[in-house]
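The opening position of the sequence shown corresponds to residue 1000 in this note's numbering, with each subsequent residue numbered one higher.
It is possible that part of the hints are untrue.
Between beta-carbon pairs, the in silico distance windows are [stated by the list, open to error]: (1) D1311 <-> D1123: 56 to 64 Å; (2) D1303 <-> P1131: 56 to 64 Å; (3) R1189 <-> A1280: 14 to 22 Å; (4) P1081 <-> A1162: 24 to 32 Å.
Simulated from the structure, these hints should not be mistaken for laboratory data. Values in this document were obtained by computation on a predicted structure and should not be read as measured data. Positions of the beta carbon are idealized from the N, C-alpha and C atoms, including for glycine.
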Amino acid sequence: MSNLILAIPSKGRLMEATAEFFAKSGMKISHAEGARNYTGQISGVGDVEVRFMSAGEIAGSLIAGDVHMGVTGRDLLHEQAPVPGDFVQFLTALGFGHARVIVAVPDAWMDVENMRDLGEVCEDFRARHHRPLRVATKYFGLTRAFFAEHGIIDYRIVESLGATEGAPAAGTAETIVDITSTGATLVANRLKVLADGEILNSEAFLTASRVANWDDTTTAAARSILDHVIARQRAENKQEMRADICELSPEGRQFLIEDARVEMPFGGPSQGDTELVMHVARKYVHDLSSELRDFGCRSISVRDLDYIFTGDNPLFADLAAALARD
1000 MSNLILAIPS KGRLMEATAE FFAKSGMKIS HAEGARNYTG QISGVGDVEV
1050 RFMSAGEIAG SLIAGDVHMG VTGRDLLHEQ APVPGDFVQF LTALGFGHAR
1100 VIVAVPDAWM DVENMRDLGE VCEDFRARHH RPLRVATKYF GLTRAFFAEH
1150 GIIDYRIVES LGATEGAPAA GTAETIVDIT STGATLVANR LKVLADGEIL
1200 NSEAFLTASR VANWDDTTTA AARSILDHVI ARQRAENKQE MRADICELSP
1250 EGRQFLIEDA RVEMPFGGPS QGDTELVMHV ARKYVHDLSS ELRDFGCRSI
1300 SVRDLDYIFT GDNPLFADLA AALARD
């Protein structure tokens, strides 16, 4: 019997946001004592070993099959595997770590607005300077694939070991491929993103390895984790409404049955019902309450929901289908 290995970012905002995500889903992550913070546990789920790694290491370990599940950026998975879907299953976006991988050039390049222009600059640069134009980046794979897609071959990648945005000003490269969230750093360094220079729109994903060693124990642990996650997602933007429907008019009962805003998880408004429990998207609660009062409801209470567990789990179904194909 083996444990499922869950890889978690080891530091920074990504670690904090990941821990918050799991905590909201009813699974608290903690570090193991005496393990120098490299391993840990997750509450509420058995047969799981947590490993703390850098986001880049997590991407590589998922692709290699050294861990079963992990949280990392979509950009890192695409960088390390040209077709990441051959190796991993993207389970769900986590709503944080948003950023774009982009091609940026100096503002002073007034006539360079798109990748076609950049290709012409590369040709001209070679003729003028007798060497290829330099592109500073940490994203070797994404850069090569994107430039090839646009027919650009005469350039040289310069590995960026520090702040990539500063490479043109420092004279170590003429243009860059980098990740940006707000674009403020690019502006501060007098750079502009090419009109068609977005390579990838990225965010943090909970991801599973398709090439890891899966067995009954690890599959059951994955199902448990994903049950927590999907239950929280179902409840995230919904509230529970309880309505006294003793005096609800026949028109009101029909309205509830037909209204698309209302989910009735425990049956419908039959003639003998005195109270009805409904799940309703938060944005519809006030309008729906007013309409139900007009149909004769005497009282309506509303409360937040933490989790909604059901018999189906589309996240796990997607994972099971991916593993069955391998």
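Okay, the hints, checked on the actual structure:
| no. | hint | result |
| --- | --- | --- |
| 1 | D1311 <-> D1123: 56 to 64 Å | holds, 58 Å |
| 2 | D1303 <-> P1131: 56 to 64 Å | holds, 58 Å |
| 3 | R1189 <-> A1280: 14 to 22 Å | violated, 45 Å |
| 4 | P1081 <-> A1162: 24 to 32 Å | holds, 27 Å |
The structure fails hint 3 only (numbered hints given earlier).
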